[in-house]
Amino acid sequence: MTTSFSQPDKRNPAGSGGSNRDAFLSRVAESLGRPRRTDPVQRPAWKHTVHLDTLADRTTEQLVEVLKEQCTFIHTQVIESTPALLQRTLDDLIAGFGGGPVIRSGDPRFAEYGLNFPGGSVWSPDASREDNVRRAEAANVALVFADYALAESGTVVLESRPDQGRALHFLPAHYIGVIQRDRIVPRSTQAAAALNRRHEAGEALGSCINLISGPSNSADIEMQLVVGVHGPLRATYVLI
Amino acid sequence: MSLKTDNRAFGVRTEDGIGDAFMRGAVGSAQDSLKTRRLTAATTLGDWERWRELGQQIRQHTLENLDYYLGQMADNVERRGGQVFFARTKEEASGYIRQVIENKNARKVVKSKSMVTEEIEMNHVLAEAGCEIIETDLGEYILQEDDWDPPSHIVAPALHKNRNQIRDVFADKLSYQGDETPEHLARFARKVLREKFLEAEIGITGCNFAVANLGAVNLVTNEGNGDLVAALPKTQIAVMGMERIVPTMEEMEVLDNLLCRSAVGQKLTSYITVMGPRAEGEVDGPEEFHLVIVDNGRSDILAGEFREALQCIRCGACLNVCPVYRHIGGHAYGSIYPGPIGAVITPLLGGYDDYKELPYASSLCGACTDVCPVKIPLHEQLILHRQNIVSQGRTGAADRIQMKAAGKFLSSPGLFGSTLRLAYSMTKLMSRHGRIVRGPGPIEGWIGIRDMPQPVKKRDGFRAWYENRERPDGAAAETEVADRTARTAGDLKTTEVGPKPGRDVSVEEASSRIGRGGDNA
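The listed protein sequences derive, respectively, from chains F and W. Straight run, no breaks: the first sequence in the working numbering ends on number 312. Straight run, no breaks: the second sequence in the working numbering ends on number 575.
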């Protein structure tokens with residue numbers, strides 16, 4: 073242990089903002105052969121726009137096809153439904169997964185589409201952390217609405233909110249994401265840019281942004297793909 | 055685990071690897087599958103070269119302004135209610151983490167995969183402090199249960215183990231009673247680890263990229279364990295190598311795309327998460343969040359001729375194409391960072407005293423450089439290491455004498471020519487059926503694993519054939535002159551008789567071509 077760390081503050085061992093921050097950053101600047109840089113650095117003009125160009129010219133209908141095709145590669149079922157049929161589609165899916173318990177986010181779109189899941193529970197800031205986690209752990213099915221969907225990678229993008237916790241996406245065995253067609257963008261580029269724009273405009277983003285592409289999986293044993301590891305065993309998207 | 059995974063000599067480690075038939079089979083098939091997937095993913099995306107150039111530019115811009123971006127990151131993490139610790143050394147880093155845990159009187163720690171925590175020997179320090187640390191990445195968990203067997207690949211750490219070995223580990227250590235089917239083994243681990251997640255007090259994650267303007271940590275995973283580590287325990291500690299940072303989510307997005315495609319051939323992995331301390335009003339996520347930024351030798355790398363090595367995004371693509379890694383496996387490198395990138399950065403982090411052999415564990419074919427998504431000139435850096443090792447006098451006396459002799463010999467046309475003339479008769483006793491079958495030290499080493507054709511008689515050699523070849527028209531002298539002129543003019547069209555030199559041709563391939571030439575003559 074070095075001297076800079078020999079007298080840690082018991083409550084906050086980093087001290088106020090990390091007492092060794094200046095020495096550390098000065099050394100980095102020295103390694104770069106110049107004085108410390110503290111004035112805002114402007115990002116350069118990137119030399120290529122490949123990320124912006126990929127799939128940029130596709131219509132929504134074409135993007136839906138891209139999304140559907142990609143989902144065949146990531147073990148994710150895509151079901152096309154309509155607002156009118158959504159309740160029925162979801163009920164059928166849940167029944168197919170062996171029924172509840174169901175837990176959903178508190179997203180206002182559930183009410184907008186008149187969705188009801190008798191006996192199901194809702195991730196809620198009114199309940200304790202332990203209670204929410206316990207219900208998510210016990211749930212067979214999680215239901216959420218995507219903020220964005222990425223066609224190229226078959227991804228749903230969701231932000232954490234008081235009524236939509238982090239563990240909601242990971243603890244239940246089955247994961248159902250509802251995607252509204254107008255939320256489909258070509259790829260991760262557009263979602264990252266939109267989120268960054270909102271952040272730079274001063275909007276507070278959720279503390280956790282999830283890009284979820286299908287169920288959890290691993291190839292750690294002999295490179296053989298196993299679908300369903302720590303997170304959900306299956307993922308399904310419902311397009312409306 | 056520390057940077058160093060094996061105290062035995064390099065030669066012993068490689069012998070071990072080469073003798074392990076299962077491991078070599080597993081590495082070979084993993085390489086074949088991963089490199090095909092990478093190639094397919096890159097081709098599907100299109101414009102791959104531009105993507106690489108973009109990735110390189112982003113990494114270089116960030117490194118050039120690293121002090122600024124790290125400062126911005128720290129400000130933003132603190133603004134969000136997190137705490138930041140800058141650790142100059144591995145002792146400072148693991149000491150801080152230990153202190154945080156002791157301050158909370160916590161014991162139960164769940165962890166997602168992180169190479170830098172291995173580098174700072176964190177598990178060892180925390181175990182000493184009486185913590186129960188659980189690796190939750192499936193591969194890492196298997197290694198932990200097998201008495202902390204070292205990882206052999208930066209993306210697939212348990213690549214060297216087969217399903218039967220894994221079943222035996224689970225049966226011995228965890229009373230597993232099922233069969234060796236990967237799915238059953240994984241389900242069993244899911245069940246055991248789910249309990250650990252739920253009861254953990256501390257979650258420790260690595261950091262694929264820190265997002266400076268957001269003060270958030272980006273994790274790229276497939277299993278979902280990293281997200282549970284960041285959702286369930288009330289305290290999260292994220293540990294990052296100081297170079298792993300991007301300005302905004304826009305650059306993160308480009309690098310995540312390069313990372314996923316290069317590492318496993320996926321467009322995006324199942325879970326890409328941008329996380330920070332729990333926000334006001336939210337239910338889960340860490341109430342206390344610490345970010346530990348680790349230097350541990352990186353600022354020295356930043357200052358020197360190996361700066362580009364810090365562009366690395368740890369995708370492992372260079373391991374998956376390396377012919378040397380294929381044969382000796384990950385453990386032979388004796389470092390948590392194996393393969394070409396390991397041979398570049400391990401000597402930088404651990405010193406030449408322990409790792410001067412690693413830069414020689416390469417055929418210099420350059421396949422690593424060609425696949426690197428952020429364009430690190432890996433094989434050129436290996437040559438740079440070799441130059442340093444030689445100029446610091448770290449090679450053995452025998453090597454030095456041999457190289458001196460070779461230098462004299464190859465730079466003297468007279469000596470070279472007369473040796474060629476005598477080569478056939480000099481090697482007559484050592485050869486049979488046109489191949490050398492015995493010889494002194496270095497030759498013995500070569501012919502132990504491959505053919506060495508006997509040099510041919512001068513009149514059968516290429517030069518003699520070239521002089522006497524039939525020509526469509528004109529005299530031999532004219533062609534001779536034309537060739538020389540062409541060479542001076544830099545136009546090699548008329549003299550191109552073989553493969554172009556350079557990294558289009560691997561050393562192995564080139565030597566096999568030379569071998570064929572000898573046979574035919």
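Quick caveat, the hints were computed from the structure, so don't treat them as lab data. Heads up, the beta-carbon is just placed ideally off N, CA and C, and yes, glycines get one too. Mixed in with the good hints there might be a few duds.
Covered by chain W, according to a simulated footprint, are these stretches of chain F (three or more residues, beta-carbon under 8 Å) [what the hints assert, rightly or not]:
#: 1; region: 169-176
#: 2; region: 238-247
#: 3; region: 301-308
For each hint, the structure was consulted:
1. Judged by the Cβ-Cβ criterion of 8 Å, the region 169-176 of chain F is not covered by chain W as claimed, because only 0 of its residues qualify and three are needed.
2. Beta-carbon proximity to chain W at under 8 Å applies to 5 residues in the region 238-247 of chain F; the threshold of 3 is reached and the given coverage holds.
3. Counting residues of the region 301-308 of chain F whose CB lies closer than 8 Å to any CB of chain W gives 4, which reaches the minimum of 3, so the coverage claim holds.
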